[in-house]
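Residue numbers (numbering that gives the first Met the number 0), protein chains in the order written: chain A, 0 to 81; chain B, 0 to 572.
Everything hinted at is true.
Restricting the straight-line Cα-Cα distance to at most 20 Å, the calculated cross-link-like pairs of lysine to aspartate or glutamate (EDC-like) are: (1) LYS151/B / GLU74/A; (2) LYS48/B / GLU23/B; (3) LYS468/B / GLU536/B; (4) LYS205/B / GLU272/B; (5) LYS521/B / ASP378/B; (6) LYS312/B / GLU56/A; (7) LYS468/B / GLU512/B; (8) LYS151/B / ASP72/A; (9) LYS293/B / GLU272/B.
Hints are computed from structural coordinates only; laboratory data are not their basis.
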Amino acid sequence: MAEYKNKARLVLRVRQSVTVLPRCLQNLSRRGYIVLELSTKTVDATTAKLTMTIEGEQRWHSALPHLLSRLVDVEDVTVEEL
Amino acid sequence: MSSSKEQLNGAQALIRTLEVLGVEYIFGYSGGAVIPIFDAIVTTRTPIKLIATRHEQGALHMADGYARATGRPGVALVTSGPGAGNAITGLMTAHMDSVPLILISGQQITSMLGLDAFQETDVINLSMPVVKHSYQILSADSVPETVHRAFKVATSGRPGPVVIDIPKDISAAPCGASIYDTASEPEPAQTAKPPDMAAMARAITKANRPVILAGQGVLISSATELLRSFAIDNNIPVITTLLGKGAFDETHELSLGMLGMHGTAYANFVVQETDCLINIGSRFDDRIVGDTEKFARQATICHIDIDASEINKMVTADHAIVSDAKVALSELSRIVQPKTRTAWLNRIHRLKQQYPLRYDENDKLTQQQVIAALHDLTDGTAVVTTDVGQHQMWAAQFYKTRHARNWLSSGGAGTMGFGMPAAIGAQLGRPDDMVISISGDGGFQMTEYELATAAVHKLPIKIIILDNKYLGMVRQWQEIFYDNRESGVALEGNPDFCKLAEAYGIKTFHITEPNSTESTLKEALAYTRGPVVVWCEVAKSDNVYPMIPAGLSYDHMLLEAPTTAITKPTGST
Ligand SMILES: Cc1ncc(C[n+]2csc(CCOP(=O)(O)OP(=O)(O)O)c2C)c(N)n1
Chain A
0 MAEYKNKARL VLRVRQSVTV LPRCLQNLSR RGYIVLELST KTVDATTAKL TMTIEGEQRW
60 HSALPHLLSR LVDVEDVTVE EL
Chain B
0 MSSSKEQLNG AQALIRTLEV LGVEYIFGYS GGAVIPIFDA IVTTRTPIKL IATRHEQGAL
60 HMADGYARAT GRPGVALVTS GPGAGNAITG LMTAHMDSVP LILISGQQIT SMLGLDAFQE
120 TDVINLSMPV VKHSYQILSA DSVPETVHRA FKVATSGRPG PVVIDIPKDI SAAPCGASIY
180 DTASEPEPAQ TAKPPDMAAM ARAITKANRP VILAGQGVLI SSATELLRSF AIDNNIPVIT
240 TLLGKGAFDE THELSLGMLG MHGTAYANFV VQETDCLINI GSRFDDRIVG DTEKFARQAT
300 ICHIDIDASE INKMVTADHA IVSDAKVALS ELSRIVQPKT RTAWLNRIHR LKQQYPLRYD
360 ENDKLTQQQV IAALHDLTDG TAVVTTDVGQ HQMWAAQFYK TRHARNWLSS GGAGTMGFGM
420 PAAIGAQLGR PDDMVISISG DGGFQMTEYE LATAAVHKLP IKIIILDNKY LGMVRQWQEI
480 FYDNRESGVA LEGNPDFCKL AEAYGIKTFH ITEPNSTEST LKEALAYTRG PVVVWCEVAK
540 SDNVYPMIPA GLSYDHMLLE APTTAITKPT GST
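Only chain A is shown next, with the shape it has when bound in the complex (with noise of 0.2 Å):
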């Protein structure tokens, strides 16, 4: 199983609510990926960046700004392989 999986950084500005992050995990598990480190940093009132180490198809790692940045409060998406 392990053979296909690979790393990618993900960067999400977003605007900070009570369901952004849940949004976003809950699109992230159903492409299968495990997320492995999680921070948060807050930017200003209402805005905060999320960083993420995930696991998951490399497939799908360049469709993630895409599927992710179509969530109402996401502003900005980056992926990067590892």
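Assemble chain B with the ligand onto chain A, guided by the hints.
Leaving out everything else, chain B with the ligand in the frame of chain A:
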């Protein structure tokens, strides 16, 4: 923006805001946590009409049917806990098919949230995977703004359902905010980048055997007129997806009907022969694609979708444009160079003659006969809702849809029980149009209780029950792929559907043989004083063809019953 001078509580502010947003109907089911909102419907003397349903699932499908038939968001109102729980299937159905819908759920009082108080269910997290967004309102002052935002989210870009959860103390508290007196517009339509558009236009101009695949995106963006002229001007035939039915007149000679698992044979052959497949507003659903490696293998794939995450998800596109369908089509219409494509159109004409849709006509009544008669009697212009199963596929094949927003069917979720309540919503939204609901005996029994709602409001919907005494589509799979071992599919104990409907005071008709089908249907369609139920006892063991077993390529299309054993499909479900 101006403010109203009325002193309102949160619930009343909600109702006034819904008025401003143009809401005509609220489909609702009451309970403790929503009493203030139901009360506000009375105290505000709102012109919005409350349609009290018999089940929350019914309310959601009605709101969904209203939205699909009118293009305006449908609104449902339910209580907390089990009320919200019962709404989930309706949310999922709308979400899978990108339908703008607002669910307002009552909630326990704020001080009880998270404490497992009576009927306190975390509806936000419960519904998270099946909504576009959700809001829990924690201050009465934010009611107007949140409701406006919810409508904007539901209707902008790719539409979808939005939940607004309102604790009971918030509904009851005074709202200090003013009510905006103008509805906010959806976000402006997305436009494509010019270089991408030019490259796609060149590919289409070059193509000798192009075909358009029109999905629901064409309907959502009101691009049917543009699609029609683009197809005719460029001599490009049009295939419609299940949800795209109505995007192009299926009686037009350029129409190839539906493609995929139970699509027309000629549409499926054309997909294999085309050199340029132009997908406008469809997400390349697995029921269409089958084997992704072998799908449209000779074609340059052009994909236009408003949702960037759909591009390259199922099928890799050679040319992709992230755009509203109308915007993209108007630009393509300007720059694609017309061609006659006579050889291709002749080839299509031959395929249509060689592989027409057909069914056996003998002394046993078939579902196809009933549906074809409905089509002929209405000239394909009625609003048709379906349930899920064999009758849905036969309706898609034999009821040739001619106009936009006239075909309402649960595609992505495949929700049995959708059809009849959706017809109620559609009829309320389109009072001057004929609405026909076509259900199987299985699906009809999942939401049959809404007969009461149809009867109370004297809605002239034509409810056609195609009773084969089976969960027909599942029986078909068991017959073909499981050595005809029937398990859990016989619907023994079905009621006399006429007696059932008559118990609600509904006019009924009963059809059991082919000869009287047309005359009885004619009489039923002419009845307008309220709903009418037509119970059709049809052949028990008929199967839907053509059929491409799930996950297989179009080369495996069965045009009729297989004579040798077929291996179980492993792709999709
Ligand atoms: C709520 C729900 N449960 C189960 C299914 C699985 N399913 C798909 S088609 C079908 C049979 C439908 O039977 P019926 O409504 O009688 O229609 P028919 O296929 O006979 O036309 C079933 C059980 C479903 N789609 N929806």
